[in-house]
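Peer 1: Chain by chain, the residues:
There are 2 protein chains.
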Amino acid sequence: MRISDLSRQSGVPVATIKFYLREGLLPPGNLTARNQAEYDETHLSRLRFTRILTNVGQLSLSSVRDVLAAVDDRDLSAQELCQVVNRALFAEHPTAVAASAGERVGVDTARARVDGFLDQLGWQVDPDAPGRVALAQALVGLQRLGWDGDVDMFVPYAGAARSLAIHERDSMPAGSAETVVARTVLLEVALVALGRIAREHYLAG
Amino acid sequence: MRISDLSRQSGVPVATIKFYLREGLLPPGNLTARNQAEYDETHLSRLRFTRILTNVGQLSLSSVRDVLAAVDDRDLSAQELCQVVNRALFAEHPTAVAASAGERVGVDTARARVDGFLDQLGWQVDPDAPGRVALAQALVGLQRLGWDGDVDMFVPYAGAARSLAIHERDSMPAGSAETVVARTVLLEVALVALGRIAREHYLAG
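Residue numbers (the numbering used here), protein chains in the order written: chain B, 1 to 205; chain Z, 1 to 205.
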C-alpha cells in the first residue's frame, strides 16, 4: 500500500508517518519508483504499536526507540523485554517526592524496606528495577501523611498485582513481542481506569 | 516559620514556593514586616500535597488548581471530590489511540460495551466519567491486536479494582481531604509499580 493508504488504515497522519520514517521508528518501504514506496502489513502493525506506546503509554521518542529495539531483538528473554518496557514506562513518570535534608534518609530506609518486602514476596527482579524506587518514594509519601503503617500497607496491592500478573502470563497470546508489549500497556491503562471508577463508586457507598 | 524554613522543611525550592504563591496555589503567609511573611503547618502541608499532585500525580498547574479548590470546598461529597480528582488524573494522560475512519465506529461500540459492563458490575459513576472513554479505547486497542475477547477480558482487573477500592474506603484515615486525595494518588502509583515488578517476576517463571 502507499503511504496515504497506510495513513488511512492506521489513522496516523502522513506527516507523522514521515516523521517516524525519518527518525527510524518505522522501517522504510519498498521503493517502487523514484518517489514512491510500498508499505505492507508489517508497517501497519509497527505503526499501530508505536501509537500505543506514544499515546497510551505516553512514552517519549527515545523510550519508544528502546522498546522497538528490544521487541526486534530475538535474543532477549521475556523477562529482559519486560525490563526494557518497565524502564521505558517509569522513565516518563518520575515519581520523586520532594525531600528535605532530613527526609533523604527516609527514602533510603524506605528503599531497604521495599527490598525486604519484595524478598518476602519471593519476587526476583533486577536490583536496579525502577519500581523499587517508585515504591520507596510512595512509602515515604504515605508515611509523611501520617501513616504509622509500614511497607505492609502494600500487601493488598501486591496480592492484586500477583494475581493479575499470573493471569496475564497464563493468557499470553501466541503473538509477536509487539503484541505482548502492547497488551501490557493497554491492560495497565485499563486497570488504572477501573481503579478510578471503582473508587468513585465505592466511596459513595 | 519563614519562607526559607518552609523550603527546608518541605524540600521545595524557595523559587518554586514563590511561584506557587504568585499562582495562588499556596495561600499567602502572615505579613510580619514589610518584606517578611510567616508561614505555618498548614502551608507546609499544602506545599507537600501540591508536590504530590505535581510530581507523583503528574498534574498540570491547571489541574492542581481544580483539585485544591475541590479539597477546600467543604460542601463537596467524597464522591464529588473523587470525580474532580479522577478528571484531573485523566486530563494528564489522554489515552486516545489513533483511529482510522472505520475504527471511529469501533470506539463508539466499545464505549457502549464498557457502559454495559459497568452497569453489570453495579458501579454507579458519572455518565461522563473519563474512565469510560479510557476503557473503551483500551478495548479497541486490545481488539485491534487480534483479541477476539470482549469487554469480559477486563473481569479480573475489575475484581482487583473492586477489592482495592473497598480496602481503601474501609481503611480511610480520619484526616483532611488533602490526606485522602494524596493517599489515593500515592497508592495508585504503588499499585502500578507493584504490577510492573510482578510482571517482571512472573514472566520469568
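Derived from the structure by calculation, the hints contain no laboratory data.
Even for Gly, the Cβ is constructed at its ideal location relative to N, Cα and C.
Do not rely on the hints blindly, as some may be mistaken.
[What the hints assert, rightly or not] Residues from chain B shown here face chain Z by an in silico Cβ test under 7 Å; the list is partial:
hint, residue
1, Phe19
2, Leu31
3, Thr32
4, Ala33
5, Val84
6, Asn86
7, Val107
8, Phe117
9, Val125
10, Gly131
11, Ala134
12, Gln143
13, Leu164
14, Arg169
15, Val180
16, Ala182
Peer 1: Against chain Z, is B:Val107 within 7 Å by beta-carbon distance?
Peer 2: 11 Å, violated
Peer 1: Is the hint on B:Phe19 kept, meaning its closest Cβ partner in chain Z is under 7 Å away?
Peer 2: 14 Å, violated
Peer 1: When the nearest CB of chain Z is found for B:Val180, is that gap smaller than 7 Å?
Peer 2: Since the shortest Cβ distance to chain Z is 9 Å, the answer is violated.
Peer 1: Min Cβ distance, B:Val125 to chain Z: is it shorter than 7 Å?
Peer 2: 5 Å, holds
Peer 1: Taking the closest Cβ pair, is B:Val84 under 7 Å from chain Z?
Peer 2: 10 Å, violated
Peer 1: Interface hint check: B:Asn86, Cβ to nearest Cβ on chain Z, cutoff 7 Å. Holds or violated?
Peer 2: 5 Å, holds
Peer 1: When the nearest CB of chain Z is found for B:Leu164, is that gap smaller than 7 Å?
Peer 2: It holds, given that the least Cβ distance between B:Leu164 and chain Z is near 6 Å, below 7 Å.
Peer 1: Report holds or violated for the interface hint on B:Ala33, using the least CB-CB distance to chain Z and a cut-off of 7 Å.
Peer 2: Violated. Min distance 25 Å.
Peer 1: Measuring from the C-beta of B:Phe117 to each C-beta in chain Z, is the shortest one below 7 Å?
Peer 2: 10 Å, violated
Peer 1: When the nearest CB of chain Z is found for B:Thr32, is that gap smaller than 7 Å?
Peer 2: 23 Å, violated
Peer 1: Against chain Z, with CB atoms and a cut of 7 Å, does the hint on B:Ala182 hold up?
Peer 2: 6 Å, holds
Peer 1: Using 7 Å as the Cβ threshold, decide whether B:Arg169 counts as touching chain Z.
Peer 2: Because about 5 Å separates B:Arg169 from the closest Cβ in chain Z, which is inside the 7 Å limit, the hint holds.
The structure is inconsistent with the numbered hints 1, 2, 3, 4, 5, 7, 8, 12, 15, although it conforms to all the rest.
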